[in-house]
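Combine the two chains into a complex, taking the hints into account.
Each chain is listed here by its residues.
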Amino acid sequence: MRENKGDILLLENPCRFAIEVRGVSRIYGASSERVTALGGVFVSIRENEFFTLLGPSGCGKTTLLRLIAGFDFPTEGEILLHGQDIAPLPPFKRPVNTVFQNYALFPHMTVAQNIAFGLEMLGKPKDEIRARVDEMLKLVHMEQMRDRYTGQISGGQQQRVALARALAPQPKVLLLDEPLSALDYKLRKEMQIELKRLQSETGITFIFVTHDQEEALTMSDRIAVMSAGRIHQVGTAREIYDRPADRFVADFIGETNFLQATVVGTANDRATVRLASGEILDAGLPERFKPQGEVTVVIRPEHAQLFADDGEESGIKGVLENVVYFGTDTHYHVRLGGGDIFIVRRQNTRTSVDVLEPGVPVGIRLGSDAALVLRD
Amino acid sequence: MEHTRRAAEKAQRADIRTRWLLSAPALVVIALASVGPLLIVLVYSFLSPGPYGDVIWKPSLEGWFNVFFSRDIFDDTVSFADAHLSILWRSIKLAIGTTFLTFVFGFPTAYFIASRSPRSRAIWLFLITIPFWTNLLIRAFAIQEVIRNEGIINSLLMSAGLITQPIQMMFTDFAIMVGMTYVHLPLMVLPLYASMEKLDFRLVEAGYDLYATRLAVLRRIIIPQVRPGIIAGSILVFIPSLGSYVIPRVLGGGRNLMVGNLIELQFGQGRNWPLGAALSITLVFIVLVALAFYVRNVGKSGGSHG
Ligand SMILES: Nc1ncnc2c1ncn2[C@@H]1O[C@H](COP(=O)(O)OP(=O)(O)O)[C@@H](O)[C@H]1O
Ligand SMILES: [Mg+2]
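Protein sequence lines correspond, in order, to chains A and B.
Numbers 196 to 571, taken from this note's numbering, label the letters of the first sequence in order.
Numbers 44 to 349, taken from this note's numbering, label the letters of the second sequence in order.
Looking at chain B on its own, in the form it has when it is part of the complex (with noise of 0.2 Å):
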């Protein structure tokens, strides 16, 4: 008994350290590419600026003060730091309302492309992924082409004669939100898709045999069915449209920012990395924080599967 137990624990630690040694690379990337720089983000942010820029290694917490708080250059009167606090509150805004339109849209696209032939699918989903083919900033400027004042939307509308004067739509947050809803829209209908291509449709028979009208199915039957897929597609979105850079810098012009420009702003012509390396770190509690009460909200709502 003694014998075979030690046996079986030997083998148990054997087969453990083999499954570091296999996981060994993935650790080592993760280490590299995710956590070391955000190490580095880290440390800049408790660091001095230097005068043209990177770090002085001198400990200082002037970076994370003056992502909350702003001292007067010549009375020394502290304030608080409105402006980085409202382009935070605008990018977390811009990044939810973004969130809600791929899903407005993803969701349809998914169903319809869920409820094809097997074969018809492929197709489908190879057109959803085209937009990634082109570069973001193409794709930014070709947005621009669309709703600037002399572009295609007012171009049309002035011609049609329901409008005299362009409608003011570049630079503004419709313009953000529009360009960003664009990009996004494939990491919204893809893990959507994934989901509902799972789902049980004679449950959907099963609904309407029970007397729930089509939007009943929908709320009560497909939605609590494909939650997983609401989750990992909302997450897919909100992060990096938080996080935006090349959308707002296009559309949104220099007035409007969103934090991965004031984040820019810091590294370029700012000069003050400690600052911009705290708010990064800011930017990833914020994501932290909200993907943490998604999860427990979204995920527990509805009741759980056995």
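Only chain A is shown next, with the shape it has when bound in the complex (with noise of 0.2 Å):
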């Protein structure tokens, strides 16, 4: 039973970097049907972080883990922990622990008896252990459903468990697959911000894995954006959101009105574009990039501002096609010169009326930084 005791990766010379990922591949199935899961990701993920991979379904996030965790090996590159290659170490040498997309908790044993089990593997002593389990459950909220069979908790109450039992090991790197998907918004929100202080009062490196911008956005020190197998920008919710590096980014987070426009000079990190309408356009610039003829200007819609167009301002002129209320903003579809349909939003008080009708002409207003030239 104990025979693993000990020869847990030691740590002797900790590096800045918890994980780090160099060029990983991972490619399922013979040649014929060849699955590219993964290709080529190179991410650093630092200690203490709260890391996120984002990405939509099939992404590879879930591939990305469980080489992590040891489930399953690259076909290609290398990952660090710490510093240390972990390759020849198997999963239950690696001091890392799943929170499992289903929970997997084990249905024939308590919640007091799932959250033992990885520290009975590493061969702590009894009352140490005890001491432990009561701990975790208090951490979680589960004092009194410790003797319960996990068949007869709630969900969120699982996930609750699935967390305690991870975190009982004391592990260097949580990996955690997408643990909320499965709970309704409300318990979604209490748990998002019980996992951020779960992992700043544990000081664990979290990897969390969703497919909600949201959730991504609220909760993260840094996310990692993926798709299809690759990582397309690593960053702060801020850069990410306000500093998108390519389309598939900038579409993905948020909601964006994208315009096609060419180039008409650039200077230092700006440039002057001319849109299809005619209008022309001060824009950001993505460091080093120094663009000519064809762009994509990507604006956010809560950075433009809508008024009645009498002729007197300048601005992106268009026709308002349709207004939505969404409760705490309302957005206006314009329809641009050039065909486009561009969103504005803006925040509602309870007093905020709409003076302006569908079908009137209306002037869309930028503030100086909010087109960015998109590098793609």
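Bear in mind the hints are in silico, worked out from the structure with no lab data behind them.
Incorrect hints may appear among the rest.
Just so you have them, the derived chain A footprint on chain B, three or more residues with Cβ under 8 Å [claimed, not checked]:
{"hint": "1", "stretch": "57-64"}
{"hint": "2", "stretch": "234-246"}
{"hint": "3", "stretch": "253-260"}
Listing some non-contacts, in silico: residues in chain B with all C-beta distances to chain A over 10 Å [unchecked claim]:
{"hint": "4", "residue": "ARG48"}
{"hint": "5", "residue": "ALA54"}
{"hint": "6", "residue": "LEU75"}
{"hint": "7", "residue": "LEU82"}
{"hint": "8", "residue": "ASP97"}
{"hint": "9", "residue": "PHE112"}
{"hint": "10", "residue": "PHE184"}
{"hint": "11", "residue": "PRO209"}
{"hint": "12", "residue": "TYR225"}
{"hint": "13", "residue": "ALA249"}
{"hint": "14", "residue": "GLY250"}
{"hint": "15", "residue": "LEU308"}
{"hint": "16", "residue": "GLY311"}
Glycine included, each C-beta is placed from N, C-alpha and C at the ideal position.
See the structure below:
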């Protein structure tokens, strides 16, 4: 039972990164029907970081977690844990624990037995296990449920048990595979806060997987945006939202207006572009990028304001087509001269009124930093 | 209210009646094929033996007496029927041993099949059932061909110079165990496979994730999950091996009897049907006790599901 005690990876010289993924690919299937689940991924995850892998279903998030946990092996590349290559370690020797997508609690064990399992396998003394299980139950507010079987508790409670079970052995890195996706909205909000609290209290590096951008933006220290087996951008929520690296990121995170434009001139990190409808616009440029000819310009709906076009103010001109009320805000759909639809979002107050009716000519006013040229 | 309640009761009665009617054919078959013969055997065990076999309709406890005691023909002294009891005990030991061995070989086999792709599983299951196509007697003689003194194993070992004298395997308990394990293996593999197929392999991964070695995952996660299959397989192997007749007859020779052979002897050469009947009932009783004991213990340990 206890033969693995002690030869769990020892960390003599901890380095700044908890996990370094270097050029990792995972290709499934034989030559005829190959699926590239991951194609040459590079990413470094810092110690004590709440790091999120964000991407649509099927983009390879679970695959990357399984490679880190050791359930699967890279076709190419290497993964370092605190600077050491973990390729030779079987999963039960990696100081990494997983909260599985469907929890994978042991149905023949009670809540307490589930939480104790990892500690028992590490050969910890009985009284230490008992104390730690109590501590964990308290941490996730499940003291009342310790002797229930896992089939006798609700989904949200199972979620907490799965967390406690994975945290109990004090792993260096905790992997969480869409842990909140099965919960209803309210509970999910609660657990998001709970997870943040657990992460800062334990100081464990969290690698959190989700396809929900709001979840990613609100919880993470840094986010990696993935699609089709590759990472498009790594950065803080702000960086990813305000300076999307490419069309995919701009499209996947939040709502964006994409406008076709032609570069007229560039200076430093700004460009002057002409829209299809003829208006001239000043737009920011990504670092070290000097575009020419056709480009795509992105503008967030909340960075634009709408005004009734009485011919006095300049701006992007169009016709208001549709007004959609969302409670917190209202979306105005504007048909531009070039034929594109441009969405403007306005924050509502209790007394705000819609003075603009569909069909009227309108202008769109932009802040000086609202527009950004995409690098694609 | 009263009216609807009465209507509901009436509907329920009608429902119960149709259910009984629907299950009537099954009940008749069970009565005729299972309970009926057992009753006949029970009645025979309380009658007197006829001179050329059969029974005489004269009530007697002699059959039951002879199961446990033997009376000296000359001086009428009574002593324990050591022979019967030791044969019973041997049979139980051999049946337990067979159950154990089929589990040891059947478990990895079932695990192997359950972890194949769905298409190849069907092929492996098909292969498992192939021995059923051949008559039991022929399979017994086939084993004899392998293990007898001039058989395959001994001739190979002798020609390799590893032994000079053939190893006596035929007509030993070893031979009976080999035969019974071989013959009953599918009865263990199939129920084990059935419950392993339902095994959630993500739980296995969760085990590895929580620092469990392969052995620990087997003991703490896989075996508790497939316990129903283990119970079913053990019952399916234990019962027929306890009553085995052909295998001990062919591979154990005349000397290494099991209780099945003893019973056959009473109905044949022994011409003591009441004793044979009483022995049969004793066997049924042992099976029932063993089952109750086994299910209670194995079913309980490791906790139950919620
Ligand atoms: N065992 C496997 N065999 C073949 N293809 C697989 C296997 N596991 C995953 N894939 C494929 O790899 C891709 C990435 O899957 P996954 O990592 O589960 O995505 P995500 O977790 O982001 O939804 C998908 O196209 C999926 O079909
Ligand atoms: Mg997934």
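Here is what the structure says about each hint:
1. 57-64: With 0 residues closer than 8 Å to chain A, the stretch 57-64 of chain B misses the three-residue bar; violated.
2. 234-246: With 3 residues closer than 8 Å to chain A, the stretch 234-246 of chain B meets the three-residue bar; holds.
3. 253-260: Per the Cβ count (6), the hint holds.
4. ARG48: Holds: least Cβ distance 35 Å, greater than 10 Å.
5. ALA54: holds, 34 Å
6. LEU75: holds, 41 Å
7. LEU82: holds, 41 Å
8. ASP97: Holds, since 54 Å exceeds 10 Å.
9. PHE112: holds, 48 Å
10. PHE184: holds, 44 Å
11. PRO209: holds, 42 Å
12. TYR225: holds, 33 Å
13. ALA249: violated, 4 Å
14. GLY250: violated, 8 Å
15. LEU308: The claim holds: LEU308(B) sits with its nearest Cβ about 47 Å from chain A, beyond 10 Å.
16. GLY311: holds, 50 Å
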